[in-house]
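**Q** If you're matching them up, the sequences are chains S and P in order. Here the first sequence stands for residues 1 to 358, where the numbers follow this note's numbering. Here the second sequence stands for residues 1001 to 1291, where the numbers follow this note's numbering.
What the hints contain is simulated information worked out from the structure, not anything from laboratory work. Values in this document were obtained by computation on a predicted structure and should not be read as measured data. Where a beta carbon is used, it is the ideal one built from N, C-alpha and C, also for glycine. Do not rely on the hints blindly, as some may be mistaken.
Facing chain P, according to a computed beta carbon distance under 7 Å, are these residues of chain S, among others [said to hold, decoys possible]:
hint	residue
1	L124
2	A128
3	V133
4	V141
5	L205
6	L209
7	L211
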Amino acid sequence: MSQIKILRSLSNINGKNDLGNNYIFWFFFFLLLLLGLFSPLILSRYQLLNLSNHITNIFLGLSLCLIWGYCGILSLGQSLFLGLGGYTYGIVGINLIETHGNTHVALLMGIIVPIFTAFVLGYLMFFARLKGVYVAILMLVVSLLFETFLNQTAGPGWFVGEAHLGGNNGLGRFSGVIREPPSLIFSFRENTIEFVGSSIQFYYLCFGLALITFLALRLLVNSSFGYKMIAIREDIDRTEALGHNIKLIQLIIFCVGAGLASMSGILYVSWGNFITPDTFGVYNNILPVIWVAVAGRKSLTAALLGSFFISWISQWLNEQGDYALVALGAILLSSMLFAPEGVIVKITQKFSVKLSKQ
Amino acid sequence: MHSLSSFVGLIYQYADTVSFLILSAIGLIIIFGMMGVINLAHGEMMMVGAYTTSFAYYSGIPLIISVILGGLVTSVFGILLERLIIRRFYGQLLSSLVATWGLSLLLSQGALLAFGPQIKTVPTPMGSFSVGELSFSNYRVFLFIFSIFLIIGVWSIFNWTRFGLQARATMENPKMAKALGVNTHRIYALTFGLGAGLAGIAGGLFALTATIGPFYGQSYTPQAFITVVVGGIANIFSGLIASAFSLAAVKTAFVFQYNILIGHVSMLIIAIISIRMMPEGISQWLEQRKS
Chain S
1 MSQIKILRSL
11 SNINGKNDLG
21 NNYIFWFFFF
31 LLLLLGLFSP
41 LILSRYQLLN
51 LSNHITNIFL
61 GLSLCLIWGY
71 CGILSLGQSL
81 FLGLGGYTYG
91 IVGINLIETH
101 GNTHVALLMG
111 IIVPIFTAFV
121 LGYLMFFARL
131 KGVYVAILML
141 VVSLLFETFL
151 NQTAGPGWFV
161 GEAHLGGNNG
171 LGRFSGVIRE
181 PPSLIFSFRE
191 NTIEFVGSSI
201 QFYYLCFGLA
211 LITFLALRLL
221 VNSSFGYKMI
231 AIREDIDRTE
241 ALGHNIKLIQ
251 LIIFCVGAGL
261 ASMSGILYVS
271 WGNFITPDTF
281 GVYNNILPVI
291 WVAVAGRKSL
301 TAALLGSFFI
311 SWISQWLNEQ
321 GDYALVALGA
331 ILLSSMLFAP
341 EGVIVKITQK
351 FSVKLSKQ
Chain P
1001 MHSLSSFVGL
1011 IYQYADTVSF
1021 LILSAIGLII
1031 IFGMMGVINL
1041 AHGEMMMVGA
1051 YTTSFAYYSG
1061 IPLIISVILG
1071 GLVTSVFGIL
1081 LERLIIRRFY
1091 GQLLSSLVAT
1101 WGLSLLLSQG
1111 ALLAFGPQIK
1121 TVPTPMGSFS
1131 VGELSFSNYR
1141 VFLFIFSIFL
1151 IIGVWSIFNW
1161 TRFGLQARAT
1171 MENPKMAKAL
1181 GVNTHRIYAL
1191 TFGLGAGLAG
1201 IAGGLFALTA
1211 TIGPFYGQSY
1221 TPQAFITVVV
1231 GGIANIFSGL
1241 IASAFSLAAV
1251 KTAFVFQYNI
1261 LIGHVSMLII
1271 AIISIRMMPE
1281 GISQWLEQRK
1291 S
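All chains should be built: construct the whole structure from the sequences, respecting the hints.
**A** Given below as structure tokens:
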């Protein structure tokens, strides 16, 4: 009986609240999976380092997709949670790495602090029934305030334990102190494993986490809770009239989003061993919006591909010259004008219409 | 004597903050109140105004006319943007936010490519006066008086002109206004132009006190957003005035007691508390008390 239940809920992974519930999708899914699994054998150390970086962005993209695309809560300051997670992980990590020899506590705190912040902010906003536009703007303002605050912490007074906040140089080697945030280190009894940013282990960690997160979120959005989220997106008043506790659902999903974004932050700090206040700035907040809006906010698959490939493209554009951000602005604006539901969503829709005609 | 000068200093700071908030938010709140679009490219509108003012001033045009020219150019620019882009997003609040944010990125980065990280600043006019040991800029006192007159001016446009009547009708009920023969498309474009023009004038006026670069406007927008959120749009004028005067009081007190950062934080905290109690803003609360 219970086995049937589990199987039935697992079949939600193929549910219709995300793009791709046919064999073509799963064919490409396993193709990408194989490609991802074997790419460390083909790529150079530097390419792998970049690849890991792009994968860490996926969690931020998925978090925005979840809250905006599925629940209708747009946050223009989603990178706030990335930054909070990264900074907390870095600060706790610097302080405890000597005594503990691992980063378990830092990892835990790096997730808890952003979620708690999201809980407080979300409580104040959703339980006041604040308009969606206000939520979006306030999140941006809070994030920018953190940037302003951290930018003025260059002085010698700004130590948290042994971690120097370092003003606009941020946490890490560029602020001139020896202590930099550690890479993720797990230990179990005698065994210790460290995930240095350029290593194959780190790549597989990110890859595995992204895979698990993606599949878990697909389960979530196709569950009954997922349907409630979508109902809120479509018509919040009607959903409430049907007896659902919309404020609680919004709050929960906002906190889940914060947790996801914080994973990006922790992995990013672990990858590069530094984080700067720019993380809270305008550009780092607009980037996830670009990934998700351009690819298609109402689909996890599109958001995942968008976060990965657009951050890849923007890095490539950065190497070409100064016009990278202009190009990104133009891409965002034109996709909002010509493919409001997202480019990937539009393409797949056209494709599936063709399929059904045949 | 010392206490007098610090008292005057406090009043001066307060008036300065009030005019800062009013000028940077007035264009934003008109567009938001009228069409429900929060223009995230508001800072870039101010930047366009500031750039025009600076270019005009250095090509020999008198200062006052340069500022007015800044407003006009931004206004035309705003109307163009409304026609080409913004009008496609009416009724989709969140999409309009994202689209205008894309526009903001495009404009500020475009300005960076075209004009470099900084352009020539315009000197602050009007000299200064002093009380005790402290000296104060006349221009900032002028800005305060000007911002009050600006609100009165915009209020008169909305209440005493034909455009204002049609605009208020469109704001109240667009379909009904259309049925009664109001060209709502034109009204939207003109209102957007008015909002953008006011942002441009504010940009031109602040340009005389600050360094001007592509990201010049972005230092004004967060506080403008807070002012708009706290004020609400049940009545844009009472909302803007009440919100600017009360937020400025909080900010001035905290800046006086601690520092600028604490001042910013206090504004944000007050904003969050105030929206918890008045989610539709002070103006809605005032309207309810009136009726």
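**Q** All the hints need checking, so say for each whether the structure fits it.
**A** Against the structure, the hints:
Of the supplied interface hints, the one on L124 (chain S) holds, with its beta-carbon coming within about 5 Å of a beta-carbon of chain P, less than 7 Å. Look at A128 (chain S): its Cβ gets to within about 5 Å of chain P, closer than 7 Å, so that hint holds up. With its C-beta approaching chain P no nearer than about 5 Å, V133 (chain S) sits inside the 7 Å limit, and its interface hint holds. For the restraint placing V141 (chain S) at the interface with chain P, the shortest Cβ-Cβ distance is roughly 5 Å, inside the 7 Å limit, so the hint holds.
Taken as an interface hint, L205 (chain S) does not check out: its beta carbon lies about 32 Å from the nearest beta carbon of chain P, beyond 7 Å. A cut of 7 Å between beta carbons decides the hint on L209 (chain S): the least distance to chain P is about 28 Å, and the hint is violated. A distance limit of 7 Å between C-beta atoms decides the matter here; for L211 (chain S) the minimum to chain P is near 28 Å, and the interface restraint is violated.
Going through the hint list in order, the structure does not satisfy hints 5, 6, 7.
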